[in-house]
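Just so we're aligned: the first sequence equals residues 1125 to 1533 in this note's numbering.
The set of hints was computed from the structure by calculation and includes no laboratory data. Some hints could be false.
To be verified - Restricting the straight-line Cα-Cα distance to at most 25 Å, the calculated cross-link-like pairs of lysine to any residue (SDA-like) are:
1) K1187 / D1327
2) K1477 / R1426
3) K1502 / K1532
4) K1330 / T1126
5) K1526 / R1408
6) K1341 / R1408
7) K1412 / G1498
8) K1526 / G1427
9) K1502 / F1488
10) K1477 / L1421
11) K1228 / D1327
12) K1256 / T1280
Claimed, not checked - Label pairs and their in silico Cβ distance ranges:
13) S1183 / A1425: 15 to 21 Å
14) R1426 / G1185: 28 to 34 Å
15) G1255 / I1402: 53 to 59 Å
16) L1340 / S1444: 38 to 44 Å
17) K1270 / L1504: 53 to 59 Å
Being a predicted model, the structure only gives us computed values, none of them experimental. For every residue, glycine included, the Cβ atom is placed at its ideal position computed from N, Cα and C.
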Amino acid sequence: MTLFEELKWRGLIHSVTDEAVIEKINNGELTFYLGADPTGDSLHVGHLLVYLFAKRLESVGNKPIFLIGGATGSIGDPKPGSERQLLSAEVTKHNAECLYEQVKGLFPAILVNNYDWTHNLDILTFLRYYGKFFNVNYMINKETVKARLDSGISYTEFSYQILQALDFEHLYKEYNCQLQVGGQDQWGNITGGLELIRKIHGDEAKAYGVTVPLVLKSDGTKFGKSEGGAVWLNPEKTSPYHFYQFWINTPDADVMMRLKQFTFLSVEEIYEIEKSFIAEPHLRVAQKALAKAMTELIHGARGLEQAEKITQALFSGNISELTVEEIEMAFGGMPQVEVEENLPLIDALVISKAASSKREARQFIENGAVLVNGTQQKDLEFVVSKDNAIGKKYTIIRRGKKNYYLLKH
RNA sequence: GGAGGGAUAGCGAAGUGGUCAAACGCGGCAGACUGUAAAUCUGUUCCUUCGGGUUCUGUGGUUCAAAUCCACAUCCCUCCA
């Protein structure tokens, strides 16, 4: 199986601009790039697939360039609904640094920032030289722009695709970068770049684009969100435990696809897992393998160990047997609140955000949805006290099957 | 510029003087069953000190009583110019 065949098998190829790129990818002879606008300070699992795709290309020798969109990010790419809020220079810079750190953790890449070759470009050069290569009719027909023609789009965002095309052309010229990879929503931007390269460097210029499919969930909802929002790669924003839990909760219908798409387990290993998954689904071998592989990939062996330890403690049911040290380790990075020594359970639920109102708190208690230090508590008058806390320090509240909250006395 | 239609809870949508904290569907949350899955079933879904309080785009009015009637404002849609 060649690399490209494997990529296809893994469901990672949405489309390619030219079949000729396949052999070059397999031979590991390409320099390629992928870009990200510094609109946030961390990647989340929704972004992850294309980065892992890049890692796979890199693993056979292709050379990755990671492009930070310091310029494009300050413009904002057109999104379906409305204009973007412009970000300040400081925020963009900070975000760029954070993103680069995360990418470096995944694979070695040359870092470039499109601000460097854009900020000195004067308006006349832009219009006289580059502008002539762009046909407005063509630009208007890009999906991203078309979607906004009714509701309106500013000239600023309309110009975004030109800046992106400039990037590809620049990297082609300076680094002999022949390939851009991106999500399928980037197709328009990628082909824009190819167009520009062809116009400037002629038909013999060889450049390509490959897009990775959007990750879909079988039930149609958006991938990458758990309760409380996006699942981030940054452990400060999403703890390794929550990250692990996100993967282990993958529905049966999706889990084999996720293993193929996201993990670096070999084809044979995945087939082995699938056998067990089909024969004994209740063991959830596939979910466990997925959670393990992903947590280790992003948070390392220590993060995985931590996540598994917490999972073990919380789901084995022996919470009250945990020591203070174990709780501290387990709940590191998880939501916790300091409380006074004694507090009615109803208030404790509200303060810890386990319930959004007292009425809801009562309802949870009456439904038997609340466990205090591992035992169900149906008494509305129950008081959480320091004396009953584990090690006189921590009270662990569970609401529902898998929502945990830590109170520190 | 003219003529109509509309705005109701997270979303869709009933309700057109009191029986309305507002049907129903979706979504959310919880419980049961399971495997921390799916499907299914049950409960719940403005706040509350459980007395009550605050809601139906906004403001003012009519009325014992307004989501419901009237006036004005704002926004959206359709048709005509």
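Going through the hints against the structure:
no.: 1; hint: K1187 / D1327; result: holds (24 Å)
no.: 2; hint: K1477 / R1426; result: violated (29 Å)
no.: 3; hint: K1502 / K1532; result: holds (22 Å)
no.: 4; hint: K1330 / T1126; result: holds (22 Å)
no.: 5; hint: K1526 / R1408; result: holds (17 Å)
no.: 6; hint: K1341 / R1408; result: holds (18 Å)
no.: 7; hint: K1412 / G1498; result: holds (24 Å)
no.: 8; hint: K1526 / G1427; result: holds (20 Å)
no.: 9; hint: K1502 / F1488; result: holds (9 Å)
no.: 10; hint: K1477 / L1421; result: violated (31 Å)
no.: 11; hint: K1228 / D1327; result: violated (35 Å)
no.: 12; hint: K1256 / T1280; result: holds (18 Å)
no.: 13; hint: S1183 / A1425: 15 to 21 Å; result: holds (20 Å)
no.: 14; hint: R1426 / G1185: 28 to 34 Å; result: holds (30 Å)
no.: 15; hint: G1255 / I1402: 53 to 59 Å; result: holds (58 Å)
no.: 16; hint: L1340 / S1444: 38 to 44 Å; result: holds (42 Å)
no.: 17; hint: K1270 / L1504: 53 to 59 Å; result: holds (57 Å)
The structure shown violates the earlier hints numbered 2, 10, 11.
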